[in-house]
Each structure stands twice: as C-alpha cells, then as structure tokens.
Amino acid sequence: MTGVHAAGVVKRFGDRTVLDGFDLDIAPGEFVALLGASGTGKTTFLRILAGLEGHDGGAVEAPEQRTVVFQEPRLVAAKRVQDNVLLGMRKTRQTAKAAAGALAEVSLGGRERAWPTQLSGGEAQRVALARALVRQPELLLLDEPFAALDALTRIRMQALVAQLVHEHRPAVLLVTHDVDEAILLADRVVVLRDGRVGAEVTVPFERPRRRGVPGFGDLRRSLLAELGVVEAIGAS
Amino acid sequence: MSAGTVAREEVAGVVTTPTASASRGTAARAPSGRRTRDLVLRASVPVLLLTLWTVGSATGRIDEKTFPAPWSVATTFADLVTSGVLWENLVVSLGRVAVGFAIGGSLGLLLGTVAGLVRLGDQLLDPTLQMLRTIPFLAITPLLILWFGIDERPKIIIIAAASLFPLYLNTHSGVRNVDRKILEAGRAFGLRGIGLVRSVVLPEAIPSILVGLRVSLSISLLALIVAELTNAPKGLGFLMTSAQQYFQTDVLVVIVGIYALWGLSVDLLVRGIERALLPYKNLGGAR
Chain P
1 MTGVHAAGVV KRFGDRTVLD GFDLDIAPGE FVALLGASGT GKTTFLRILA GLEGHDGGAV
61 EAPEQRTVVF QEPRLVAAKR VQDNVLLGMR KTRQTAKAAA GALAEVSLGG RERAWPTQLS
121 GGEAQRVALA RALVRQPELL LLDEPFAALD ALTRIRMQAL VAQLVHEHRP AVLLVTHDVD
181 EAILLADRVV VLRDGRVGAE VTVPFERPRR RGVPGFGDLR RSLLAELGVV EAIGAS
Chain F
237 MSAGTVAREE VAGVVTTPTA SASRGTAARA PSGRRTRDLV LRASVPVLLL TLWTVGSATG
297 RIDEKTFPAP WSVATTFADL VTSGVLWENL VVSLGRVAVG FAIGGSLGLL LGTVAGLVRL
357 GDQLLDPTLQ MLRTIPFLAI TPLLILWFGI DERPKIIIIA AASLFPLYLN THSGVRNVDR
417 KILEAGRAFG LRGIGLVRSV VLPEAIPSIL VGLRVSLSIS LLALIVAELT NAPKGLGFLM
477 TSAQQYFQTD VLVVIVGIYA LWGLSVDLLV RGIERALLPY KNLGGAR
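Sequence lines, in order, name chains P and F.
Residue numbering for the first sequence follows the numbering used here, starting at 1 and increasing by one per position.
Residue numbering for the second sequence follows the numbering used here, starting at 237 and increasing by one per position.
Zero decoy hints are in this set.
Which chain F residues face chain P? A few, computed with CB under 10 Å, are given here: (1) LYS417; (2) GLY431; (3) SER435; (4) TYR516.
FYI, nobody ran anything at the bench for these hints, they're computed from the structure.
Using N, Cα and C, we set each Cβ at its ideal position, and we do this for glycine too.
Could you put the whole structure together from the sequences, leaning on the hints where they help?
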C-alpha cells in the first residue's frame, strides 16, 4: 500500500499554467476532497493521478491499482451491465462473481444482463461505481461523480460511496465544487487555488456525518471563504 | 419496399446515420385491429399491380412477347429450377459476390478502423480513398477487362471495389465519432491498443458499421450484375445475356425477380445481424 505522493506538480496548457507547484499526499485508506472553483485544475490533477494526462514538472507517485468514477457514467452502450463492470478485465467465473458482488453492493444485484440504455441516470452511475470497485483499487478517483445526478439521488449516492469506501478502504481523491459534499465525505479537505494548495482542513466530525452538526456551518463558511464565496442570499 | 429502401440509400450517398426501421416498430406496437388494417393497406398496391398484370395478359392487352404473362414466368421459373440451370448459375454468382465482398468488405473495415483511429492512418489513407470513391466503379470495367482479361479476376475486383467504399466510409466515421469520454474511461481501466479497439471502439461503432454493411452488400449486387453482363460463361448475368439474344423475356423477368429476392435477402440478413449485435436498440428504457 503506497498512497499518493505529489510534490511540486506543474501542468501547463499552452501558456496557461493550471497547476503551479501543487503538493498533495494521500495516505492509504485516507479520503481527501479536493475543492476548487471551476477551471482551477482540480480535475486536471485527478487526471494526472489517473494516468490520463502527463505533467510538466514535479513528482507524482500513485498506486498501480487505481480506478476512476467520472461525472458521467461512461458506459459502453453495446455491452451488458456485467461486461461494463468488467471492462478491460478478463471474464472468468471468478471475475463474473466479483462483478455480481460489486453490483449487489451498489444495489443492482440481478441486473447483470441489463443494457445501459435500460438504466436510469443514477443506476448507470452506480454501475460506474461498481466498475471502479470490482478491481479492489488502492486509489479511488472520484471526478465530481455526483454532479450530474438529481438532488435526491445525489444524497443516496453520497451515502453509498461513504459506506463502500468505509468497507473497502481505498485511498480516495474526490474532486468536487460542493463544499457540503466535501465535508460530509472526506477526512481532509484541500482547497486548490492559483495552482497550489490554498487551504487544508482536517474534518473533525464523527461518522456517520450529518449536515448541521455543531461546527458544520462554521467549517462550511470558512471553506466557502477560501473559495472566495460569501453566502448570503436576500436583502439585508 | 426493400428494393426502394436500398436504392434510396445508394443514391443518397454512402454515409447515412443509423436508424431503426421506424415503420416496422410502429406496426409491431399497434393494437391488432390497426395492425390488420396496416397490413391490408401495405399489401393493397402490390396486389393491385399483380391483378392488372394478370388481367392484362389474359385479355391480350399486354403483348406476351414484350412482357410475358405471370403464368409463363412461373412455368419458366419452374423449368429453370427443375433443370438445375438456375441453381448452377446462381451458385456461380453467389460465389463471385462472396469472394469479392469478403475481400472488399474486410479491406474497407480494416482501412476504416485504421484511418478512424490513428491520425497517421487518416492522413495517409483518407484523401486517397475519398478521391477514388468519386470514380464510378462501373466506369473502370473496360479497363479491368483490358488488364485482367475476361476471366474471374475483373469480376471479383469490381465487386470488391464496389463493396470497399461504403464499409470504409461508415467504419471510418463510426470509429472516429466514438465518444472520446468512453474511450478515456477504457484507458482509465487499463485498456490500450487492440484491447481498447476490441472492447470499446468497435462495439461503439457497430451501428455505423452495420449501415456500411447494408449499403456494401446491396452495391455488391449491382457490381455483380454489371460484371457478369460482359463475357461471363456462367452466372445470372450470363443467363440474362443469352436470354436477351433469344428474346426470352420470360427468363429475363425471372432473373430480375431473383435479383429482387437477392436484395430482399440482403436486407433481412442485415436486419438479423442488427438484432443479434444490437439487441439493446429496440428496448424500452427508463430514459
């Protein structure tokens, strides 16, 4: 078990420097949420960890066994749910059993033979989660996986992820712009600003977590302030 | 209906977007009373034409020498079948299409995949193939005969050339338009190279490839007809030319009917393949 070590990561797109000496370590089994306004490079960092993008400077170490859940399910339409879960793996009796197990974990037991077109948005995203978990990853990369879901499905999905991460214990990087989500799920929240670590907070709350426990509002406000947002809606 | 559909696809150009056959879908879902009505209406025009033909021939309004009566066509058909002549020549023609299509179709599939996938392949192959595509393949028939003589080779080459382009174009665009995000998901789950092509690219491109297959198969029939009309010692085309020489209009009509059946079978075949490869296409879903 190695976890993630990233030091001084630099990433440029043309003459725009997105990551400018970004440091982040994630211990094995630790859940880190990476917060940032849009366009700050948080997804870029996740993609570097996933091996989908190179970097222009610094050092990045990530475990070999890493999987991703994207914002969209990204399932292959011409493959049944089971084959989507096993994408890139050899289908044996053993892996088929593992796929069935992973689907059961995301409450889609028995849907192995369904087609992606037969699934709702939330179900498809749960298949994507099963696809990421069936490989027993040491690092689970979550790229705004709840952003495209409706509000109710999102709450259920967040609880499901919290529970499954608790059971499987991978290191997790959750990229999000939702402060509540970060506080509810993560052990540690890192704010990305100007290509570097802008702030870093260890979330002090016991699990299972609820919105509105004492201190939640304060932490939320301070993180929003780090993001440059003052939340006050309505006339004073 | 089938012949009409096929012709339209050919004229409309070779890249068409995959569509489910909508009319069939609605007919299947309609309640049974409306379904019967639907069937009756669809059958009415062909039945009317057949009746006009029969009545016209029986009353002598249609000249037997110009256009034979339905019963003479039926008798001739039966003769051609029982004497084994039809079968013998049909097998030769089927063989030519099978070989020509196997060569042209697999080349089209291969080149389309390479050009759709790899930038270098696209740069090297696509401009040339797009240029060659504009040559009406039937126009090179005399050249091919000069080059290769009158044996099987020019016939096979014409059929191969005709079936190459539709499959190339549709595979190329199908592979090219595979959702990059799904490709990336494949890469994120460790797929590279051939594995990525097999597990993600081709499955995602199948609908386009099947459109190409359908057009390729029907164009290969056209190529066959032209190829066999010159210097074929055997085959349906040979039957046609000799029937023409002896004013056997009944034989000609039989063979035209065979070609039509051939076209229809191609259509049914591709539909069967579609159903086998894309079982998810006609499913109702939650979305």
